[in-house]
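K.L.:
What follows is each chain in one-letter form.
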Amino acid sequence: MNVSRVLESTLSQLTGALEQSESTLKTGGDPRVKVIGALLVTVAAVSVRRWEILIALLVLLSGVAISAGMTWKRLCAGWAGGLFFAAVVAVPAVFNSGWQLALLLVLRSEASLTCWLLLILTTPFNLVLRALQALSVPTVFIAILSMTFRYIFLLVQTAQDMLLSRRSRIVGRMTGADHRRMLSSTAGVLLGKSMQMSDDVYHAMASRGFRGEIRVMQNFEMATRDWSLLVSVAALAAAVFVTGR
Amino acid sequence: MHIPDGYLSPSTCATLYTASAPFWYVALKKVKARLHTKLIPRLALFAAFSFVLMMFNVPLPGGTSGHATGVGLATVVLGPWAGMLAISTALLIQALFFGDGGITAFGANAFNMAIAGCLVTYVFYRLLLRVFGMRPWAQAAAAAIAAYIAINFSALLAAIEFGIQPMFFKDAAGHPLYAPFPLSVTIPAMLIGHLTFAGLAELAITGGVVTYLKRTSPGLIAAGPAPFSWKPVAAVLALLIILTPVGLLTAGRAFGEWSAQDFQNADARVQIERAAGGAPAPSDAPNGLRRFAKLWSAPLRDYSPKFISNPSAGYILSAVVGVALLLIVILSFGALARRC
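Chains as they are written, first to last, in the numbering used here: chain A, 96 to 340; chain B, 614 to 953.
Okay, chain B solo, but in the shape it has when bound (with noise of 0.2 angstroms):
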């Protein structure tokens, strides 16, 4: 997963510099606040034993290997952002020194591997410690599983950065200039290896890790489940959010989401035919979808609101409602259970 230089074009690296920066920074200022003057010695070692971890290649049923990032473990016994910062030092000497992944995609694998990772982990650990209580294995369950998690969202990010260059970074004559495959190409294939193998590897070392500390050094990770800081949730709301547009790149409609205006259209058309296998779509909407469709009209229809022409800027919006919708919804629902 670390994206070597020269695969991903100059400004998608340049944007996932700036898009990792924020999180460097209030990492840094957390962790300053937190640890003071211990700051550099803990993330140093810690930088340093995560680069040796990424070494221990872990035999996986079927006779393969892999080998693990260190994430979920960074996570689990430093916390996210400190966590986020070792992860991005160790990379950083991996590419400066073992040709490890690029330079300029330094960012790229910092924000796929460091900063979603380790959010991504502390978010299912928090919320697997809630769901498994204080059972002897929950923690070791609960790093494993969230670790396993962040692994492959970090893969999916990786496959969408990789997927999306075809899109925009092409030559006069339409050829692509960097990563040539599409996303229904880039996102099969990093998820197909890190479901199972490196997935895997994340789960097994670090479930194995805790295991042992547990019993050994029980002090290194935090027990039972601790407060719940809705920080980091935020935080991998707000990159989610920020991802949005990457549904504008798909062409089409998804299966079956057609509307009856799309039987008239002939682009539209085509795509259901390819969908149906090759059977000719009906000349005209079937009654039921055609009576039904007027039932409803969204406000934010096709997360594209009326008064706003940027159809990015439209999707995000749509995701921030759609997430404060939710939020209304299930904290009414809680306070209502809590009351009966």
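Chain A extracted, bound-state conformation (with noise of 0.2 angstroms):
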């Protein structure tokens, strides 16, 4: 398969898992309660020593991702993530310092990788930052996050559509010089792409009173249910840390 398709199925994987990772399944709760819960246990399990309680952690997250919806594709996609370091560092760690180590590098990884895929899909994207925006990251960085997101999309169908009109004008096979040529005009003229759409976005937001400040709508309320669900995931990560050491 020459380089142009193979980017093209890749920019076409990339627009469907986008599309995937836009919130899909059950939601409810306050997105600030999912965020702090998703630090907590991520950083209890990359502090956890004993490959028993992360199997145990990843069966509970996978169970609670299966029980909000998630297929069991989608979790497997999400854990293919980690296999790259598997096979670089964990496989050879098994020859190296045993099979516990190793298995613990690996579950260590999907487990954080479970943790913040289960929080993305059960959760809106806006909401995230809202979230995020509450718990005092600066609003330049969240506005900064949600705009690139939103142009991500908008870049990768641009990019598709190029690489589509450039192949169906190829007649023939293209050497790997040809190749890179090919890409680098297509990822220049995508610069000079996204620095215009830049300048027409900053218009647009000019002429609708944008001057720098960002206000974002703030109405979230711990319900009851999010306050048992902040104490609950708490309880889990000091567990997963303590009995973990």
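Hints are computed from structural coordinates only; laboratory data are not their basis.
No residue lacks a Cβ here, since even glycine has one placed at the ideal position from N, Cα and C.
Please note that the accuracy of each hint is not assured.
Said to hold, decoys possible - Now the stretches of chain A that chain B is said to cover, found in silico as 3 or more residues with beta-carbon under 8 angstroms: (1) 129-140; (2) 153-165; (3) 209-218; (4) 227-240; (5) 314-326; (6) 331-339.
Got two chains here, separate frames each, mind docking them using the hints?
P.N.:
In structure tokens, the structure reads:
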């Protein structure tokens, strides 16, 4: 398969993954609690030194994910993110330091991945961002993150269209150097378009009254259910941390 | 190079978040002052572009392929400070949505790729532009080479972070708890891949895009050697100075750097014999070595000033003194050359 087709396929998978990453599962609960909970559980999982505890945590998180409506296929696709380092570091570690350490490395990474996958798939991204803002992350970062996420879709679509139009005009085989030239010019055009688009977006924002200040509506209220979720997650993280030492 | 969660200890992750925070703060201040209200759309669009660029697998000689990180382009187009913010944002989106890099390891990934990558690219890009002058290929060549050096520097930092794990984080039985391989394994392992495939992909895509932009949108990249700013150079030097205590972690002395006293030390003798391929070390230091060792006694011998008890602080002070002396020598030569 030639490089532009591989790239097109990668971009198409990326679009699919981005669309899938938008919250599609049963939502509910205060997003601040979910973000704090994900952070606490991740830090606890990373600190664990016993693989049995990590297996128990992974089973629990997977159970929560499946009960929230996540498919096994999506869950396994999420776990695949940790497999590259597992192959490069954890597998050689079996021969160097034993299978227990290799298992620990893989399980820590997969537990953290599951935790954040669960957060992202059960919480709309705009709520995650508002939760981050409520947790004192600077507003300017929130705004940049939010716009970046939105424009990735557009740029991926633009890149796909450019590659398709280029491929439809190519006859015969291309050499590696031809591919490099084509990818460089595609990336160059995309960069030019991005910069042009950033000016257009800025003018659109300025014409609507944007003066550099960002105000976000904050209407989170902690219900009893949220407090009990926060206490449960904190207790889980503490239990994982203490028993995993 | 996107380090996932669980391979670095929580304290390493916390240290690297702490190390990254001042750079993010300064970058935000500088970029806000320069772009003002344009800051948000410009950084967001470039972060989105870097994200998409990381999907571009470039075919490399030998039938392999690799992808660029966009660090070189970000620095050349946006400058080092805006570049580090844009790349950090792209890395955070990757970690959140694709599990490419961990959340606890985000500080480490941003430090290696976004912060160190952009600063190193900037320093080498400016230096190389001065060397290449106004030749038509100068910008593309300078950007490509600077990006190649930067990605390898980032890989070296990641290798150091992995390599120090088994030294500091072990269980009671002495088994490693995180990445288990020592520096002698992690540095070559990371650098071989980056000096070849990943580095070449960064070089090819950065050089190719800058060549294309110079032809079609020259306004996007600075024309010719711009006024040199010492601030990013100072930031890189500060970064390297902070990292000097890593030298304390290596066991024994470098090959050929043994002192006369080392021939009386049992551990050092073992190292000398190992380095000599098993040949027995002389029972006493050779005469010449003993005689000339007394000729000069360095004031900061072994990078450990006598008035500082903490070895790390000694290393850092030695690095500061060394850099200051080098600057004095270079600036004096420069002044002398101008006068002649």
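K.L.:
All the hints need checking, so say for each whether the structure fits it.
P.N.:
Going through the hints against the structure:
no. : hint    : verdict
1   : 129-140 : holds (count 5)
2   : 153-165 : violated (count 0)
3   : 209-218 : holds (count 3)
4   : 227-240 : holds (count 6)
5   : 314-326 : violated (count 0)
6   : 331-339 : violated (count 0)
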